[in-house]
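In order, the protein sequence lines correspond to chains U and Z. The numbering used here numbers the first residue of the first sequence as 1 and each following residue consecutively. The numbering used here numbers the first residue of the second sequence as 1 and each following residue consecutively.
There may be inaccurate statements among the hints.
Same chains, same label: a pair holds when it works inside one copy or across any pair of copies.
What the hints assert, rightly or not - Within a straight-line C-alpha distance of at most 20 Å, the following computed SDA-like cross-link-like pairs (lysine to any residue) qualify:
hint, residue 1, residue 2
1, LYS19, GLY35
2, LYS46, ARG74
3, LYS80, GLU12
4, LYS22, THR64
5, LYS73, GLY40
These are computed hints drawn from the structure, not numbers from a lab.
There are 2 protein chains.
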Amino acid sequence: MKVIIVYDVNIERITTIRKILKQYLSWVQNSAFEGELTEGRLEELKSRLYEVIDPNTDSIIVYTISNPRWVDKRVWGVEKGGTDNIL
Amino acid sequence: MKVIIVYDVNIERITTIRKILKQYLSWVQNSAFEGELTEGRLEELKSRLYEVIDPNTDSIIVYTISNPRWVDKRVWGVEKGGTDNIL
């Protein structure tokens, strides 16, 4: 399934959280990652992130779409994602 | 259609861009908005934002999903969106 993650976390945890996310998804923008994961991998990612975040102050939003073809992506302005951006 | 917008723009333009986005979508996180728009309203939003952004440095990613029911949303940690968050 298609996964889009946006996060708003304490600056002290950003680097650690990004390192974890990069093992599962592609960085596309300052606080956004995207890619395709199984439900199992997403649950694994969730538990790894919960070891790092403060659930009372940090916020991670996870959008999932079962069929990646149902998602259209447009970029206004410059595209910041890396070349390994798989969408 | 369901619209998710994430943006990474110059700090001088953030307030203006947020004010425009708030007229079309709901703020859900530091640099993320979501909601439902017609293609026409999305094009209108695009032209208004292009009057403000520097397309060479600012980045706005727009994900659209034609059927809002195809999108699942999970929040890990705290939910930062306002109560007018319609998802």
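Unsatisfied constraints (hint numbers, rising): Those not satisfied: there are none.
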